[in-house]
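Protein chains in written order, with the numbering used here: chain A, 1 to 403; chain B, 1001 to 1256.
Just so you know, these hints were derived from the structure itself, not from any lab. These numbers were taken from a predicted model, which means no experiment stands behind them. Any given hint might turn out to be false.
A short, non-exhaustive set of chain B residues, derived as facing chain A with CB atoms under 7 Å [claimed, not checked]:
{"hint": "1", "residue": "Val1050"}
{"hint": "2", "residue": "His1066"}
{"hint": "3", "residue": "Ser1069"}
{"hint": "4", "residue": "Leu1094"}
{"hint": "5", "residue": "Asn1095"}
{"hint": "6", "residue": "Glu1126"}
{"hint": "7", "residue": "Thr1148"}
{"hint": "8", "residue": "Thr1150"}
{"hint": "9", "residue": "Ala1152"}
{"hint": "10", "residue": "Val1173"}
{"hint": "11", "residue": "Gly1175"}
{"hint": "12", "residue": "Pro1176"}
List time: in silico DSSO-like cross-link candidates among lysine-lysine, alpha-carbon distance up to 30 Å [stated by the list, open to error]:
{"hint": "13", "chain 1": "A", "residue 1": "Lys113", "chain 2": "B", "residue 2": "Lys1186"}
{"hint": "14", "chain 1": "B", "residue 1": "Lys1136", "chain 2": "A", "residue 2": "Lys113"}
{"hint": "15", "chain 1": "A", "residue 1": "Lys377", "chain 2": "A", "residue 2": "Lys235"}
{"hint": "16", "chain 1": "A", "residue 1": "Lys258", "chain 2": "A", "residue 2": "Lys232"}
{"hint": "17", "chain 1": "A", "residue 1": "Lys43", "chain 2": "B", "residue 2": "Lys1216"}
Just so you know, even glycine gets a beta-carbon here, dropped at the ideal spot from N, CA and C.
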Amino acid sequence: MATATITKSPTKKSGGRFGVYGGRYVPETLMAALDELEQHYEKAKRDRSFQRRLDELLRTYAGRPTPLFFAQRLTKKLGGATIYLKREDLLHTGAHKINNCLGQVLLVERMGKHRVIAETGAGQHGVATATVCALMGFECVVYMGTEDMRRQELNVFRMRLLGAEVRGVDSGSRTLKDAINEAMRDWVTNVRTTHYLLGSVLGAHPYPTMVRDFHKVTGREARAQILRAEGKLPKVIIACVGGGSNSIGIFHEFIKDKKVQLVGVEAGGRGERLGDHAARFSGGSPGVLQGTYSYVLQDEAGQISATHSVSAGLDYPSIGPEHAWLKDTGRAEYVSASDKEALQACTALARTEGIIPALESAHAVAEVIKRAPKMKKSDVVIVNVSGRGDKDMGILRENLKLD
Amino acid sequence: MPLRFQRHPSLVAYLTCGDPDLSTTRDIALAAIESGADVIELGVPFSDPVADGPVIQRASERALRHGTSLLQVLGLAKEIRQRSQAGLIIFTYLNPILRMGIPRFSAAAKDAGVDGALITDLPVEESHDYLAEMQKRSLATVFLAAPTSTDARLKQIAQASSGFVYAVSRTGVTGPRQQMPEEAPKLVARLRRYTDLPVAVGFGISTSAQFKAVGKFADAAVVGSMIVETIERNPGKEAESVAQFVKQLSVVGRLS
Chain A
1 MATATITKSP TKKSGGRFGV YGGRYVPETL MAALDELEQH YEKAKRDRSF QRRLDELLRT
61 YAGRPTPLFF AQRLTKKLGG ATIYLKREDL LHTGAHKINN CLGQVLLVER MGKHRVIAET
121 GAGQHGVATA TVCALMGFEC VVYMGTEDMR RQELNVFRMR LLGAEVRGVD SGSRTLKDAI
181 NEAMRDWVTN VRTTHYLLGS VLGAHPYPTM VRDFHKVTGR EARAQILRAE GKLPKVIIAC
241 VGGGSNSIGI FHEFIKDKKV QLVGVEAGGR GERLGDHAAR FSGGSPGVLQ GTYSYVLQDE
301 AGQISATHSV SAGLDYPSIG PEHAWLKDTG RAEYVSASDK EALQACTALA RTEGIIPALE
361 SAHAVAEVIK RAPKMKKSDV VIVNVSGRGD KDMGILRENL KLD
Chain B
1001 MPLRFQRHPS LVAYLTCGDP DLSTTRDIAL AAIESGADVI ELGVPFSDPV ADGPVIQRAS
1061 ERALRHGTSL LQVLGLAKEI RQRSQAGLII FTYLNPILRM GIPRFSAAAK DAGVDGALIT
1121 DLPVEESHDY LAEMQKRSLA TVFLAAPTST DARLKQIAQA SSGFVYAVSR TGVTGPRQQM
1181 PEEAPKLVAR LRRYTDLPVA VGFGISTSAQ FKAVGKFADA AVVGSMIVET IERNPGKEAE
1241 SVAQFVKQLS VVGRLS
């Protein structure tokens, strides 16, 4: 791995750090808005009525708690570890993204802003944002790369049906990274009236911490559920990692349980060459992209590389800074699954359990398929099924040729 | 090399380096200086220019297509320095500098004869190591001040800045605008409470009238996108076209 001469700590006194990673690298115009957001969030965190309202929406609107399902046939088929699936795919809007959107939209209300912008890759975060904006009566603009609009066209329609404006982004690779650039440009322009509802544990402080906190509910539930079902903690937890929100959400509650192995699965794409994958930890090095210091896929001159993945939600050249820290400290392990493995895993889960995972989540399923046969029956594994595959029917049809 | 702001208002001209190619950028810079620019901002093209509007985004894409790098921009600065005593500032996003290493960057910048740098996405809070390295070599550190900056932030920005302070005229990305925003004079007045450094106003200044208006309340105006657009519109005669534009700005727009 090519590691350039990067100073150990690019900062000494700013907040929002995970080891050396994180921070706040944005144009000055946004600094006051980030301060404001941080203050409102810190206050809301300590406010019981905020938490009560959020909990109620999560329960009565989003559909929490989500089940922890014992995947009996998959367990038997793989012949090793006992496998459980955390069913975030059953949430309203079809993925874990709604957890964070409900939290942030309540903050928007407290800040007295009325316009919400968001970026989206696979469209799941865009749909969740459009949904909570409809729920609250806020104006909503979603930026989406035109390449992603093409491959997730059903979600584009869903956002429009929900009353959101979807703005196509035609620059760069026309995927998630470029959608974030455009959302940041909108935010820099309309910062006084607009909240940027960032959809992953990325970006400048306080986003990586705040978004993680809103997703921690997944791990909290999973921990209680597995203790009830098995009377012990799992040996391994597996989740896919794009920006890293669903994975940090399920990992976080288990970080203190040192014996629980945390495994993040990145997009291996179609090969190891730079530009053919989104495996930041095997192919990247520390750098700053879109507000945060973390691992980044980049060239020798510090230009950000193109990425590829069959799943739009994992197709991003950087990774949440807390994951960078979990990786460096060895607390979590990061592997990758190729496009092909993810597509196979998607079919496998559909046919053994009757569950069609999103292509993102299928990367996590691919890892359990590799890993479970080498484990004992008494070893428990939880796989986070972060989203459902309905949105991917177009891509699945193209690739699986079942017609 | 001190940054001089003797004319009023002084003109800071921004160029996206490597658009259309490095030797043309050198010719454009020298022509702009000859025609009345006091400081040249040498823009390092970056793959993800979040603070820039469409004009500079397009220029960056063109420059990156043939691999323009920070190292090459420093080489270009050295060439310009051999022929001119005008102020030279490296204008960049942070990641190319991190990739090179901050100590190596400041050494190379000093060696090239550059006067200082401005990093768009590096707020004061995150600038500790960078400030230390730049100060060690007496290189200016220019920071951005925005209309949304609180007084407490303006004070920090003023303290961390050297050479000059760059006041962002409005919330938004770079690019020409019809009107001079009302926020700019207020921001400059607020900044003056914390610093005696020259203040340059930028973002959206494209006409001699706007240039002249800035002269009434600030020391210098930064003109960027309009120059970059002039380059885009005049393939093959970039330097002459920019020279003509700069001449017109400074003849009509300068008070003295």
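Going through the hints against the structure:
no.: 1; hint: Val1050; verdict: holds (4 Å)
no.: 2; hint: His1066; verdict: violated (12 Å)
no.: 3; hint: Ser1069; verdict: holds (4 Å)
no.: 4; hint: Leu1094; verdict: holds (5 Å)
no.: 5; hint: Asn1095; verdict: holds (4 Å)
no.: 6; hint: Glu1126; verdict: holds (4 Å)
no.: 7; hint: Thr1148; verdict: holds (4 Å)
no.: 8; hint: Thr1150; verdict: holds (6 Å)
no.: 9; hint: Ala1152; verdict: violated (10 Å)
no.: 10; hint: Val1173; verdict: holds (5 Å)
no.: 11; hint: Gly1175; verdict: violated (10 Å)
no.: 12; hint: Pro1176; verdict: violated (14 Å)
no.: 13; hint: A:Lys113 - B:Lys1186; verdict: holds (24 Å)
no.: 14; hint: B:Lys1136 - A:Lys113; verdict: violated (44 Å)
no.: 15; hint: A:Lys377 - A:Lys235; verdict: holds (11 Å)
no.: 16; hint: A:Lys258 - A:Lys232; verdict: holds (14 Å)
no.: 17; hint: A:Lys43 - B:Lys1216; verdict: violated (43 Å)
Violated hints, in rising order: 2, 9, 11, 12, 14, 17; the structure is consistent with all others.
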